[in-house]
Structures are given as C-alpha cells and as structure tokens.
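Undergrad: Protein chains in written order, with the numbering used here: chain A, 6 to 188; chain B, 6 to 188; chain C, 1199 to 1559; chain D, 1199 to 1559; chain E, 2 to 267; chain F, 2 to 267; chain G, 120 to 195; chain H, 120 to 195.
FYI, nobody ran anything at the bench for these hints, they're computed from the structure. No incorrect hints appear here.
With a Cα cut of at most 27 Å, we get these calculated DSS-like pairs of lysine-lysine: (1) E:K5 with G:K192; (2) G:K190 with E:K17; (3) D:K1424 with A:K85; (4) H:K153 with F:K5; (5) C:K1533 with C:K1478; (6) H:K153 with F:K17; (7) G:K122 with E:K17; (8) B:K157 with F:K151; (9) F:K5 with H:K122; (10) B:K166 with F:K228; (11) E:K162 with F:K209; (12) E:K212 with F:K163; (13) H:K190 with F:K198.
Pulled from the structure, derived: some chain C residues nowhere near chain F, Cβ distances all over 12 Å: (14) G1200; (15) R1246; (16) K1360; (17) D1455; (18) R1476; (19) Q1497; (20) E1547; (21) L1555.
The beta carbon of each residue, even a glycine, is placed where N, CA and C say it ideally should be.
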Amino acid sequence: MTEEIIIAGFGGQGVLSMGKILAYSGIMQDQEVSWMPSYGPEMRGGTANVTVIVSDDRISSPVLNFYDTAIILNQQSMDKFEKTVKPGGLLLFDPNGITHPPQRKDIKIFKIEAARLSAEMGNTKIFNMVVLGAYLKLKPIVKLENVIRGLKKSIPERYHKLIPMNEEALTMGMANSVEIFPA
Amino acid sequence: MTEEIIIAGFGGQGVLSMGKILAYSGIMQDQEVSWMPSYGPEMRGGTANVTVIVSDDRISSPVLNFYDTAIILNQQSMDKFEKTVKPGGLLLFDPNGITHPPQRKDIKIFKIEAARLSAEMGNTKIFNMVVLGAYLKLKPIVKLENVIRGLKKSIPERYHKLIPMNEEALTMGMANSVEIFPA
Amino acid sequence: MGELKLMKGNEAIAEAAIRAGVDAYFGYPITPQSEVIEYLMAEQPENRTGMVVLQAESELAAINMVYGAAAAGKKVFTSSSSPGISLYQEGISYIAGAELPCVIANVVRGGPGLGTIQPSQADYFQSTKGGGHGDYRLYVLAPSSVQEMADFIQLGFDIAYKYRNPVMIQSDGMIGQMMEKVELADQRPRWTDEEIKQMHDSWAAFGKGDHRERNIITSLDLDSSKQEKHNHHLQAKYRKMEENEVLFEEINCEDADYLIVAYGSSARISMKSVDLARAKGIKVGLFRPITLYPFPMKQLNAYVGKVKAILSVEMSAGQLIEDVKLAVECNIPVKHFGRYGGMIHSPEEVLTALENLIKGE
Amino acid sequence: MGELKLMKGNEAIAEAAIRAGVDAYFGYPITPQSEVIEYLMAEQPENRTGMVVLQAESELAAINMVYGAAAAGKKVFTSSSSPGISLYQEGISYIAGAELPCVIANVVRGGPGLGTIQPSQADYFQSTKGGGHGDYRLYVLAPSSVQEMADFIQLGFDIAYKYRNPVMIQSDGMIGQMMEKVELADQRPRWTDEEIKQMHDSWAAFGKGDHRERNIITSLDLDSSKQEKHNHHLQAKYRKMEENEVLFEEINCEDADYLIVAYGSSARISMKSVDLARAKGIKVGLFRPITLYPFPMKQLNAYVGKVKAILSVEMSAGQLIEDVKLAVECNIPVKHFGRYGGMIHSPEEVLTALENLIKGE
Amino acid sequence: MDIKDIVKEENLVYSKTNLMTNNVLSYCPGCGHGTAHRIIMEVIDELGLQSQTIGVAPVGCSVLAYDFMNIDMIQAAHGRAPAVATGLKRTMPDKCIFTYQGDGDLAAIGTAETIHVCNRGEDITMFFINNGIYGMTGGQMAPTTLEGMKTATSPYGRDLKKMGNPLKITELIAQLPGTYYVTRQAVHTPAAVRKTKKAVFKAFEVQKEKKGISFVEIVSNCNSGWKLPPVKANQWMVEHMFPFYPMGDIKVDGHLVNSNKAEVKS
Amino acid sequence: MDIKDIVKEENLVYSKTNLMTNNVLSYCPGCGHGTAHRIIMEVIDELGLQSQTIGVAPVGCSVLAYDFMNIDMIQAAHGRAPAVATGLKRTMPDKCIFTYQGDGDLAAIGTAETIHVCNRGEDITMFFINNGIYGMTGGQMAPTTLEGMKTATSPYGRDLKKMGNPLKITELIAQLPGTYYVTRQAVHTPAAVRKTKKAVFKAFEVQKEKKGISFVEIVSNCNSGWKLPPVKANQWMVEHMFPFYPMGDIKVDGHLVNSNKAEVKS
Amino acid sequence: MAKVQGAIVVDRERCKGCEVCIPACPTEVIELAKEVNGKGYHFAYMANPDACIGCANCAIVCPDGVISVYKVKKTA
Amino acid sequence: MAKVQGAIVVDRERCKGCEVCIPACPTEVIELAKEVNGKGYHFAYMANPDACIGCANCAIVCPDGVISVYKVKKTA
Ligand SMILES: Cc1ncc(C[n+]2csc(CCOP(=O)(O)OP(=O)(O)O)c2C)c(N)n1
Ligand SMILES: Cc1ncc(C[n+]2csc(CCOP(=O)(O)OP(=O)(O)O)c2C)c(N)n1
Ligand code: SF4
Ligand code: SF4
Ligand code: SF4
Ligand code: SF4
Ligand code: SF4
Ligand code: SF4
Ligand SMILES: [Mg+2]
Ligand SMILES: [Mg+2]
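Given the sequences, and given the hints that come with them, work out the whole structure.
TA: Written as structure tokens, this is what we have:
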C-alpha cells in the first residue's frame, strides 16, 4: 500500500498539522511516511500545502506531481491541484470559499463542510480534524486508534486534554462527507 | 644573448635595487628583462635575493635553479648559491664576512671588495654600484650609458643629483675585481 | 532499537547532535535551516548533556567559534545554508589546514547570491572541490533522508576524528524541511576532559601539562618547503579517505542497461523515476553517491562495459556530472539533467530525460 | 607604442587600472599584493583621473563596496590574495547573481588556511568552478607576465561589461612580485555620467529618471520558477562566453609528440622546460590556457590523435588536471605534475616529470 | 453632506505617495516597515530627489523594499549595506544614498560595516529598523532583543549571561566623530509618524550638506516575531522597548544631545 | 668586587621566564611585541596558570606568538580571535583564555567580533597591541593610525575626510556592559612595564572571577612601519600616540573611571 | 461657523485588517468590516462617517498606505 | 654601610642592538659594542660595569628578553 496525498489551503487552516498527524498515524502502525511542506516567507498569510506519503515500503520521492488524493481547502489550491489527482484518485474539498467547484470526471470527488461543521461545534480549531475524519472514512489507510496515538505524539502533553474533542471532530468528519457528481 | 643572474646578500645591501638598475639598463637597450625577488617577512633583517634575466629573446622562466652568474654578498648566500652557477659560469663575491670562500673549479670566480671600497669612498650606500661595476666589467651585457639611463629611470627625480657619485662607484667596481683561483 | 520519531531533517540533525555527545553548536540563523538552532535552543541540551549552544553574531564568528572549540579537542557542530556557507570559506580552509575535526551542515538553497530559499544542489563544487583557497578537501556526506540526516552526525564525527578533518553534511531545503520517521540513536555521553586528554593530548590545545610540549594549532608555515610537506601530509590523508571511506548505494543496478546517478534529494526523486521507468520496461538503476568527496570513482567505473549510458541528475546546472565523467573516464556517455535555482525536478521529468537519453536526443 | 616601464605585476595592474579609466578601487591589504593599493595611494589617481581609492575595513567591506559601485555602472576593481578571496565568496556570488561587471584580482599564495605568502595556483577550483554558492561562473584570466597583468585589466573590463559578469584575474605571488618590461596603454578617460547613462541606463542604479522605470540590482527571487529562468539566462551567457571568449597560447606545438599544459607562472616555467626538452630532442609543446574559464576545451581536444600524452603542470595538488582530462575526453593520457604550498617547481623538475611521463612511469 | 461630495479629486488631502509603487507590501498586517517606507518616500518626493536617490536594502523582511520604493534600488548581502552605500557614494558623491537595515543586519552580522561607515563619516543616511528580532527568518533573537524576551532562539527568554546584552548600537555609533545626526523615532502613532518624518527630512539635509552620517533609528513592531496582534504589539513596544530604547535625538549637529541618553550601558 | 663574583646562580634576580621559549623572536629590533609577550608570560607563570591557559593570536606580526609563548596556542584567522576564544571558553569555562591582537586585527577586520565578544561579556582576557599601523604586511594604515600619519597606504598622511577617523575602539568597548576591566598601558620604560604587568595581573584575576571581559590595550611602537629607530620610535609614541590614546584605566570593576577619559570622540 | 468634514477611502483589497488605523482616529470613525476581502482579511471602513474630520491620522499610520483622505469645509 | 652591586649578562647572539635598554638604565651602564654578532647586530654590553646596581630596568624593557640580572650586597 502506498498513498500519496496533497493537502492544500490557507496558512491558518491547520494544513501542515493535519499532515503531521496523518504521518504520525502511519508510524504508529509501522508504516513508512514522509511529510514535505511548502515553506518560506511566501507562506506569510498566503497558501500552504504539504505532501504526505504513507506506504508499506520505502518511500522514494517525497515531492510529487501527481497524487492519489488531493485535500483542497481554498480556491487557489483548487486551481493548482485539481489537475494533479491521478485518474481514479480522490479529491476531497471544503466548499467554503470555493467559487469554481471541481470539474473532473475521471476521479472521485467528495465534499466535506468542515468549516461549517466546526463552527457549529463552536471550535474552528478542529476544522482540520473534521477534514481528516472525512478523508479517513473514504480511505481508511490508518486506523482511528492509530490516529489518536499519532495525535498524542504530535501535540504537546499539555494539550492532551483536548484529544476527546479532536476525536469527536474526526467522527463528525467521517459521518459527513458527500460525493459530488460534476454536472 | 641571455644572461641569467642571481644576486644574493643581506636585506640592507641594496641587492634588490642593484637588480632593478640592471634590469632597467637592459630595457634601455631594447632587451627583455625579468626581476624576481625573494619576498616576505622572512626578509626582515634576513637575507634577500633577486633573479635577474636580461635577454634578446622572450624570457621564459623568471625563476631558475641554475644561473650564468651569481653575485654573492654574504656567507649564507654563498652556502646556498655557489652550487647553482652553471659550469663555465661566473661567481662574483665580496669577501667581507665570507668565512668559507667558494671552492668550485668549473666556474670563473672573481672577488670585489666593494664593502671596503665604498667605505673608503665614504659612502656605504654606493656599495651595490661598486659590485655592479665589477660585474659589468666581467660581463658587459649592458652599456654603461644605458646603466646611467636605467639609474635615472629607477630612482626618483630628486635623487638624480647623486648619479655622478653612482657612476664613480661603477667605475671603481670595474677597475677592482680580482680573479680567484681556488686552491 | 532506538526511539522512533517523526521529525524534520533539521530537527533530526540537531537531536542527533545532542545524542552523539556533541560539546557545542555555534550557528547563525538562515532559512531553510534555522530549525537546527531553534530546536537546540528549545531542547536546552545544557541540561541534558552539558552541550553548549550559542547564536553567534555572524557566520564568520560561528565558524571561528567552531575553530576554537575544535582546537581544544571538543566535538563541535555548526550548520548554515548557501550564502552563510560562502562566508564560512576562509574558516573552512583554516580548519582543513590546521587539521581540526568538526561537522558542518549545509542545507543548500537556490543561488547564486541571495537566490531563493528553495532546495538546490548547486553547492556541489564548493563542497567537494574546495570553495575556500588552497588544496584541501572536506569529507562530504549527502543524506537523502531524515534518517541519514541523523545518522551522518555520528558517522561524520567518526571520520572527522579519524582523519582530523572537517566533515560537511550537504543536504538541501527538501531534506531539511521534510519530516520522516527517524530512529534515534541512544544518548552517548560527552567525552570527559580526561577522555579528551587521553585521546587528543598529542595535538589538542586545552592547556599544556608538564608531561608534554605545548600544542599549537595553526595552518601557517612561512617556510614553503615545510608548508609543502604539510600539504603532502594532507594529500596523503585524502588518498586514504579515497581508499577507505567511500560510501554509495546501488538500487536496481544489477541488470541495468542505463544508470541514473544522483545524490541526496535528487536521488530520492530519481528512485521514483526508476520505478516509473521499470514499469515501462526500461532497465534502469540508480547509483547514489553517499560521499560526494571521496567520490565513488572506482565503484561507478565498474559499470563501464555494463551500461549503455548514464543520466546524471542534480538540482544544479551541471556540477556532479564532472565527477561522473571523470569516474567513467569517458567510457560511458553521460548526460546531464537538472532543474535549478530552487526548482525541484519531478520524477516524471527525470523519466522523460531518461527516455530522451535512450532515444539518443 | 605606449610608455615602457619596469614594473612589478602588482604595480602594473594598478597603473593599468588608472589608465583604463577605472572609477574606483576598494581593497584590504594582504601579502603578496599589498603593492596594488600602495601604488594607487602613492599615485593619487583622484588627481590624475578622478579615480577613487579606498582602503576598506575588511575584505567583506571591500567586495561589497565593489558591489555598490558596480551597481551604478561604475568601473570598479579590487584585488586580494587567497584568504581574502575566500572572504569575497559570498560577495562574488551576489555580484554574479546580480550580473554586475567588475574586475577582481587574486594574487594567489600557498594554502590552505593562512598557509604561506609564497606563490601558488591552488585557487583554480575556487576561481573556475565557483568558490561561492550557486551555479555561476567568473571569466577567469591567467596572466603569465607583467605585461599581461596590465593588459588584462582593459580586456577584463571589456568582457565584464559585454556580459555583465565579474571577471577574475588569477595570478600569484610570482607574477605579482616580479618586475618586467611593460608597455602601458595610453590613458583612457573615465566614463562621464552622461556616457554611463547612455550605455547602462537599462540596468544600472544611478538614480531613476522620469523616462524609465526604476532599476533594481538584486540576486533575489523568492519565486523559484523566476529564479530558474534567471539561472537559465546566466547559463546561456556562460555558453556564449565558452563559444566566443576562449583565449589560449600554443608554443612549439605544431610538431609536438607531447604537450605540457600549464597556465600563468607555471606556463612561464614550463616554457623553459620546453626549451630544455627540445635541446634534448624531445618534441614537446606548451599549451597555455589564458582563460581558465571558459577553458579552451575544443582547442585542447584538437590534439587528440596528435600527441601521445599530456603533462598537466600546476602549483597545486591537482586542479587544472580535471579540466584537461575533461577537455581531451580521456583520449590522451594525462599526468599531473606540481609543487605546492608555496613551492615553485623548477624548469628542470618539469623536464624530469616529462621524461618520466614519456618513460611511462 | 454626502460622502460622494467629499470624496472628490479636489478634496484629496492625503494619499499614498507615487514614490511608493502599487505592489502589495509583503509585510505582515500592521508591520511598521510599511509606514517607515512610506515616510522615507514621501520625504524624497517632497525634496524632489527621486532621480538622485539610490536606496540600499540588505536581507531582512525589507529585502523586497525594491518592490515598493519607486526609486533605483540595490539589494545588498546581509549586513553589508553600509559597504555597498560607500561604494555608491564614493563614486557618485552628489547622489543621495541611503541604507535601510534591520537590527539583525545592522547590529549583528553587519557590526563592522556599521561602525566603520560611521567612523569614516560617509555622507550617507542610514535607516535602522529596530524591532528587537530577526523578522524575516522567523523571529530569532537579535542583538537588540530585550532581556527576558522570548524568541525562536531564546524560547525561555533572553538570558544575558548566556546570550549577551541587548546592544544599543545607536548610542555607540553616536560616539563616533563621523556621525553628525543620530536620532531614535517610532511610527506607531500619528504623532510619532510626524516626528519621524521631520527626522527623515533632517537626515537628508545633513547628507546634502555632506556633514557625515545621518542615522535614524525607528523602533518598530514585529507582530509575527513577537506573536502579538499589531495593536497589542505597539502597546508592548511602548511599554517594553521604549524604556530601554528611549525616543528622541541622540546627536544633533555633531554634538551629543544629552549624556544620559547617550549612555550605552543598560 | 669582580663581575664573576656577582654573576652566580644564587645572585640571579631577573631573567627571561621559562614560559618564553628559547626561539629567537621574529620581531624587528626594539619592537614592543616582545616585551608584551614576556610580561604576559611572567604573569601566567607567577599565577601558576601555564597548564590552564590557551592563548589565541591571529594574523599580524604576532602570528608567530606560538613560537615564543610556552603554552598551548591557537593561531586564528585575521580578526577572528574573539570568536575562537569564545569557542574555547564556552566549552572550557574554567580554563584561562586570552587573545593577543593587533590594531588592524581587532579594530578593522575584526570589529564585529570585538564588539560582540565584549557585549556578550565572555570571561576572557584581551590584549590589544595598538601600534597605529599594520606591521606585518608592511606598514599600511590601521583604524588607529593618527591624523596626518604617513603609512604605506597613506603616503601623504592620513586624511580624515577620505580615510576616516582614528578609532578609539578601547573607549568604545568600555561602554558595553559586558566589559569589566579596561585599561590602556605601554611597555616602553621600566615604569610602564611594571604598571602594565600589574594590569595584566588584574586582567587575569577578573577572568578568574568570571566577571566578563578584561581588556588591556598596550600602545606600542612599530619601528619598521613608522620608519624610525626603536628609541626614537618610543619618543614619537610618547609625543604623538599618548595624547590621543591616553594612558591609564578606563573601566574598573565594571565602572567607567572618568567620563573625560571615556570620551570616544577625537 | 465653518466646520470641517472629511472622509476616507480604504482600498479594500489591499487592506490587511491590522486595526492600526482604529486607535489613531480621534473621532472613532473606523471599524473592521464583518466581511473579508479576497485575501481573507476583514477590511477597515468608515463605520461612523459623519465623525470624520479628515485629519489623516489614520492614513499616515496605515502601514499599507491604503487610506486616502478627503476634506471639505462645510458651512454649518 | 651595605651597598648594592649588580651585573647583567647579555645574550650576545640574541641581542638585536635596539638600544631600548640604554635609556632605561639609571646609571648609564650599557652601550652597544663596536663588533657585530652573527646576525650583524651591534650588541649591548656593560660599558660601565661598576655602576650597575642590578635594578633590572634594562632587562624588563628588553623586547628580546636577552638580559639576565645579578645582584649582591657589598659591604662597603
Ligand atoms: C549571510 C546570511 N546570513 C543569514 C541570512 C538569513 N537572514 C536573512 S534576514 C536575517 C535577519 C533579519 O533580521 P533583521 O535584520 O532584524 O530584519 P527584520 O526582518 O527584522 O526586519 C537573516 C539572519 C542571510 N540571508 N544571509
Ligand atoms: C583575511 C586576511 N586579510 C588580510 C590579511 C593580511 N594581514 C595579515 S596581518 C594584517 C594586519 C596586521 O596589523 P595588526 O593587526 O595591526 O598587527 P601588527 O602586525 O601591527 O602587530 C593583515 C592585513 C590576512 N592575513 N588575512
Ligand atoms: S515578520 Fe515582523 S518585521 Fe517581518 S513583516 Fe512580519 S511583522 Fe514585519
Ligand atoms: S613590523 Fe612593526 S610591529 Fe612588526 S615586528 Fe616590526 S616593529 Fe614590530
Ligand atoms: S491600518 Fe491600513 S491596513 Fe490596517 S486596518 Fe487600517 S486601513 Fe487596513
Ligand atoms: S481622517 Fe481622521 S477622522 Fe477621518 S477616519 Fe481618518 S483618523 Fe479618523
Ligand atoms: S634592549 Fe635587549 S635587544 Fe635591545 S639592545 Fe638592549 S639587550 Fe639588546
Ligand atoms: S640592572 Fe639596572 S643598573 Fe644594571 S645595567 Fe640594568 S638598568 Fe643599568
Ligand atoms: Mg529585526
Ligand atoms: Mg598594528
């Protein structure tokens, strides 16, 4: 199994940490992982993206042009990454702020209204966990228990009390993705 | 015609400027010349030497291991350079301070008591001109008039009044070298 | 098995330094490697092992702090990125001349000049042929994973002390910024003063005891004949490294008709290209120099008569390729492919370049 | 015919700079080239041509003063020796990246580190392959006489402005310290502000007029794809130089069975070795690269099939030899001979090395 | 009166000077760099010096100043702007040359160039943006970082014994005979902006008269580095930076204004 | 009484310390470097610190100090001795570390390292040999060269407008909180030598107590650079150097001794 | 009596919502909008336009130089 | 009365004839020799040995550290 994912959105959306939790989850079940962020001052208020690879084998290139899955959280990223999903692959997006929804027909497209859901839960900080939940429902590459273990590893001890809330967000995400059939 | 000369002695003996005057003299009669000094802080109170080449043709190496002529002005230089005179070449030395006179039999050896002579003339600064005179007597590679022209070029204008004295020293040197026949 | 963590390359190299019992880190911030000093400052290794971490006022100061601590036999590490490494050059030449052990990491970014902060491999010549003045060599390790970022610290110090020579770990923004699973070695204690005395009393300047002459750390000898002797000694050391310390990796090379030669992050990308090519039936292997100096000359030359052509892949306009050509002594055609100035080639681009090479374009 | 003088190489290059209408010299003293600034200070060129001479507080300051003046389209010259040139590396990479014309002289001394103050050619890699970070090239001229020290100033500026690229004149303590006859060019006037405006208004930063957009001097582009484009532009420039600006000299090469390849002072010494060898009946020629970069690759390659072997002679442990090998593509056996660390080989030693080469040792 | 009646060409009393380009500033929201840029450009505009001025900005957040200042500009290596400016001024003594440097740049890596350009008394103007941190590289400790202040490389606060003292480089260069006008200002309030603008005027006048170095320090915020929203950052600046880096002139007409102020010791 | 009766082992009252080697000093006749070396070594001897001391001498005439000082020594790059010393002291906080630097080294190329080592207040001792010139490279102008003084690179005398002002780096670093003891001495007379030796003692004591930088400037001759015979050079030094670089303590126990003296301006 | 009235125009797309202009205004004219601009910033606007006296305080402290100020004399 | 008498020993071969010791001597003991040493320097010697009081002034200013000083109490 090798899953190659791009996660892309605004800097403040928790893109990088979502990738990190996913990668840590892979480690928890003895998989190989890589996490390659965009970096630099252009991130200042701008876009951020991270390539995560989870695999049973040694990972070759940590940077890719094509992905099994694209998780897309703003329009700029949609413009850039819709076309990079491999045929038959998955595109998951949050429709909030998306003005041009994806059009491809050779891939599976799902939406998750994570912005709305997390706002409804009264905590926009768990936005990215909702997205992650939706993704894991569609591609259960890591077990939920390993995500929780990964979470514990990737956030400081003093925030461990927040884990139940994160778990809730994951579950919420798992329950709420909707498949889109482009017109 | 190519003449390859090493001039070696103490720093204060005017070794470098003697070489420079010789080189300038060559230029005055349209020859090619090169002047390559030893340099660096080891010269501080120590020894100095310069390789001068005067030639009708383009000069190849400005540094040499073997010379047509060695002009030697102290014992350290004698130790170092006696052996570098080409067979049939010339070794000219001032015996002042020389504890081990040259021994080679395959070269011509002359002495010039320039230290004594210049002291007698009341001007130790012209020591090197006496030596140069002696050399030019033995190897008239440059004409005296060109030496005078060379002198004018190589010393600042304000010292040109000293040229007659230098000329005298040259003449004195020309008249006073003595051939040595090693025992 | 040591501890497993998900870490950035920059963090892994910093943590590995603490665990290798390094005595001191001196550095000056620069992207894309500031995480090295930031990690160290956050970890407070002075409490863990007594390791000293100091932010210097400049790269010139940093490399000369390294010179000072290394002169005393202390294990010392520094890191920077391209423009900062250029400022290190005088110091590196001094360190090499004075034969001091130390490890220097260059997390290369795109140049020349201020360039970009994105990954690059354009400092290959500088690392391997001497960016500083004079005839000297660094032992240059090119990690291609976060694990190797960590591992090469200990390996680097082993070589540095074995040969009393500076070691360069040349990675780039990609290896420095990406996270991977890394298995961390157990903590080694720092050398005690007594141990340093026992091991390095013959040369290190930590205070002259009555039992020995004073130790002098210098690269100066105004007497050229002595300086030449010293240079002969250095060259002999480099020949020994060339004989004994070459590292490289071969992937899918046994039956290969073609080779890709690539190191570091380029090698990682090319691994994927090999997979893509093999899927298309092209028999290609990846030859990865791990030591850029000493370069695996003989090992690559062994492919003469076996492979039809070589694609030399690097994030540079063509530096590695010179060593590849020298290694195969023109007995295999070699072509360059690279993106540069901060651009990273994709596995597909490498594949295309390979296909063009095969087509003879 | 210009004025004839007996001058040191260091003095000749300084006088030539005044006569070439150079606008400014910035430098920091270091043996064996301090005569350059000393000569300039004594000559007071501000009275002769208005040329500015300033002793900087360090080499870092000097090279960045050069950067500043060159950025305004001014002709600017600097000189130093090996350790100082190492300190120039960041600045040189910036100058190359920002495409600024200037001339830099390195009067090389023995290294590594503080080394000696005696002549050496061990900075070949640094000059030709880039001692600084990133993919860039200097146009590197290697004078082998005092006359060439003088001549290469004007030539250097011609190239520097033609390509907007820094030019390095790489000599050594021997060429710098020796005196020879030199024919000096007539005084050229310095460019007026009006002339600079006419010639360099498209890029130089001397103040934005209303008629044009602001000019920006930078080597930065955070956008890697733009930075890569800029790098492509630089590489294209280097290819052009390789095509059009190669200089070399052939002495006694027509009928040669063997070649000595040597540059600068080594070439001077080797000329004598050629004479000695010819006197012994050995048919040897001297091939002298005058531009070290671009290296006369094709021109040397033309000897493939003509000569039996090449002796690569340099005052270094072996740097030039890599380019010689790359040039002849391993079709002629090449052997290295060199003294280093401040030692100069004698004509006789080169002859012996040649005889050993012929004997196949 | 309707807004439409007010917003008319002829009623315009203030808008961004044309000497600032229309490029969107790369600075974080609320960062003082933008204001500092604008003031300098306004003064150059008002003095009619656009065609005579060359600015030098080295590495730091303001490395892209050339994208914003509508004059000929040079991007210099980290710390070396004073040397670059020297190269410019020596070859073009009648042009107006300024540097625009951060505290990491001017007071850490560039210390030697700073001290010597001031000691030579080059006729240039130096703008020194002191935000107590390395903004561009992500908020590391600068020489000017205050005692106890947390940064990416002093995560537990600056410890003077280990990390050295905050450096009052401005007071230090004011001691040198080559400096003629040295002042410390800020740009966080309208009043401060107005004062700073006057200082900038004066600085360029000193340069015109070739009296030596004119040096304007601007104490500024770094919201990202300080991890505070802009308005809070400005408050923090007033409460913590100003006591250590007091506002006002330090040297005027070649004379130290007040020996208390010129005290370098902390 | 015959000389033979006096010259006996038991009557020996003074001879070169064993902490000076028997190598012939590479300095010009009469050069103050030799005396400065000897005093420092005498103090280290008397304090019993030979096995604890590491000296750092960068490029300059004293680059060969390691041939003469019988202690572990490090030759540093030009200007970088303070950084090298920092590397040593930080990793060996209980060892005695000193630098021995010329004025070209400490006040020109090494300015940044000098300022920052002092600002950090590293517990090291710095010896600063100020001879107003670059001795080693053949007598070029140094930052400390006096106005009008002729050197190889100021052959018509130092022109302040073009070449900058003589730099009182010692007064400058005395302003920094990291320096604890700063003094200016000389070694041209027996009295001066005795005072300097006391200063050297004090400097090493300050280091032992880890109070920060102790800094001893020694104004010295450079006969070769000044082109004067040694005794005349010393006279010239008293007449010309001392008025500009006045003798005496500048900072004691962390306090500036006298604000007049601490004035940096010329 | 002639009273001064002013108005500001904020370049919404370039405003970064830093709020620095808000405390600078002597008459509490400015607030941040609920909406965001294309960059995701809540931008400044005249919440209380009548109070504006055209003093330009807001404009001169705006780091991004996105405020233009207009002023007229209004006869009371 | 006990009077102090001293003597100095100059290492001739290492003396550089710089003369710095000469003005340092309170009793004008030292002069430079007419002869030169192996390095060509006129070296210092006790021209006036009886005057030496063994004060070591000469020795402590000698840059090359070539003077050793001896001292005895002489009973008058
Ligand atoms: C030689 C070199 N070293 C380090 C860097 C990385 N660097 C860029 S800017 C900077 C410091 C920026 O701080 P400051 O000068 O205070 O400017 P600010 O961003 O705070 O305005 C550093 C360390 C570099 N570009 N070049
Ligand atoms: C990087 C570098 N630049 C320049 C030099 C040349 N250099 C050696 S010593 C020196 C200055 C010596 O002057 P100073 O420090 O005053 O010592 P002094 O010889 O006067 O005692 C210089 C410029 C060098 N060795 N290295
Ligand atoms: S990082 Fe700091 S200094 Fe840089 S733009 Fe942001 S707030 Fe301004
Ligand atoms: S050159 Fe000057 S400083 Fe150097 S040894 Fe001679 S007198 Fe002393
Ligand atoms: S100060 Fe400027 S950028 Fe900030 S909120 Fe106000 S108008 Fe917008
Ligand atoms: S112009 Fe003055 S009154 Fe009007 S909004 Fe701006 S600060 Fe307020
Ligand atoms: S001071 Fe010393 S070296 Fe100089 S003359 Fe006297 S004894 Fe000789
Ligand atoms: S010991 Fe005193 S009295 Fe004797 S020679 Fe020396 S200085 Fe003169
Ligand atoms: Mg800052
Ligand atoms: Mg000096």
